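As you go down the protein sequences, you meet chains A and B in turn. Each residue of the first sequence is one higher than the one before, starting from 1 at the first, in the working numbering. Each residue of the second sequence is one higher than the one before, starting from 1001 at the first, in the working numbering.
None of these hints come from the bench; they were simulated from the model. Since the model is a prediction, treat every value here as computed from it, not as a measurement. Heads up, the beta-carbon is just placed ideally off N, CA and C, and yes, glycines get one too. One should not assume that every hint holds.
Said to hold, decoys possible - Straight line, CA to CA, 27 Å or less: simulated DSS-like cross-link-like pairs of lysine-lysine:
1. A:K36 / B:K1114
2. A:K79 / A:K36
3. A:K10 / B:K1007
4. B:K1007 / A:K96
5. B:K1104 / B:K1007
6. A:K99 / B:K1007
7. A:K36 / B:K1100
8. A:K36 / A:K51
9. B:K1114 / A:K81
10. A:K79 / A:K99
As the list claims (entries may be wrong) - Ranges between beta-carbon positions, derived for each pair:
11. A:E13 / B:L1208: 58 to 64 Å
12. A:R68 / B:W1109: 38 to 44 Å
13. A:S64 / B:K1007: 35 to 41 Å
14. A:K79 / B:W1109: 31 to 37 Å
15. A:L60 / B:Y1210: 46 to 52 Å
16. B:K1047 / A:E37: 46 to 52 Å
17. A:K79 / B:F1136: 32 to 38 Å
Said to hold, decoys possible - Footprint (simulated), chain B over chain A, 3 or more residues, beta carbon under 8 Å:
18. 18-31
19. 84-95
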Amino acid sequence: MKIPFDKLDKAFENRLRLQIMSVLVANDRYDFNSLKELLDVTDGNLASHLKGLEKEEYILVNKSFLGRKPNTNYEATAKGKTAFTNHLDALEQLIKSTKT
Amino acid sequence: MKETDIKDDLASIRSLMERSSKFISLSGLSGILAGVYALVGAVAAHKFLETGPAHNLSFGGDTYPGYGPNSITVLGPLVLIALAVLFVSILTAIILSYRKAQQKHQPFWSKTSKALLFHMSTPLVAGGLLIIIFIFRGYYGIIAPACLIFYGLSLVSASNFTFNAVKSLGLCQIVLGLISALYPGYGLYFWAIGFGVLHIIYGSVMYLKYDR
């Protein structure tokens, strides 16, 4: 039986990246601090994975200021959303194929 | 990648998509308590209307207290009762939600609770101001239906950021408000049903479904 591992997106191999992406797909946009609070991770860890997703062009970064505080917002691109859906489909197929 | 890994992935995606967009620390118990407060308030108001200076006037009915000399003495205590019920209910909801959020190790003042608050208060503040204007202009009959309808609208609008049951509660309040507009003079009874009975039913459902 052939298991379609190759269809899984390499960019989502890391659990945290997958989690970031699911938050950004469910919400129009999310800011850095709320993401950090929600996922309960460190600044550096979150930032490096956000960078990774940005490099893949799966997310867009909007930097702005709230008063004097910098406020960084992230949103999923169309490409990112498609990649996320495809990845979920692949996961689903994997589960199906291991069950039968 | 093992099967359990995949299942963990999927479970975490599902939980994050919900947690990031919905405020799930609402407590069913606060719904039940709000209903109880409202019923107590309604009984107090009823007693007041029967025995107080207003016993010959029906609240929200065809006979407008505004035309009598006692309009402030009649309406004042009723408004005070309503505000007291509102205040205690909100306080209970905040305390219980805060406790539930802490138990579940989730932020209480988060992006989603802010969104919930904003979408809830928009129709509520608009409706509240409108009702105050109506009171000053002497349209007392509109108070009970308007309260129920605007409260229902605010629940429907807030429901996008929390449990779906809130939407059903909102729709019921709107329908009840419209029916109440058809039966002037029974405003207090519709209030008791809407803010009292419906809250208790909703709170019990939520409590059985999510709190235990």
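Tested hints:
1. A:K36 / B:K1114: 17 Å, holds
2. A:K79 / A:K36: 23 Å, holds
3. A:K10 / B:K1007: Holds, because 18 Å separates the two Cα atoms, which is no more than 27 Å.
4. B:K1007 / A:K96: Within the cut-off at roughly 12 Å; holds.
5. B:K1104 / B:K1007: 22 Å, holds
6. A:K99 / B:K1007: 12 Å, holds
7. A:K36 / B:K1100: Holds, at about 21 Å.
8. A:K36 / A:K51: Judged against 27 Å, a Cα distance of about 14 Å means the pair holds.
9. B:K1114 / A:K81: 26 Å, holds
10. A:K79 / A:K99: 30 Å, violated
11. A:E13 / B:L1208: 58 to 64 Å: Violated, since A:E13 and B:L1208 (Cβ atoms, about 40 Å apart) do not stay within the stated range.
12. A:R68 / B:W1109: 38 to 44 Å: 21 Å, violated
13. A:S64 / B:K1007: 35 to 41 Å: 38 Å, holds
14. A:K79 / B:W1109: 31 to 37 Å: Holds, since A:K79 and B:W1109 (Cβ atoms, about 34 Å apart) stay within the stated range.
15. A:L60 / B:Y1210: 46 to 52 Å: 35 Å, violated
16. B:K1047 / A:E37: 46 to 52 Å: Given range 46 to 52 Å: holds, Cβ gap about 48 Å.
17. A:K79 / B:F1136: 32 to 38 Å: 56 Å, violated
18. 18-31: holds (count 9)
19. 84-95: holds (count 4)
When each numbered hint is compared with the structure, violations occur for hints 10, 11, 12, 15, 17.
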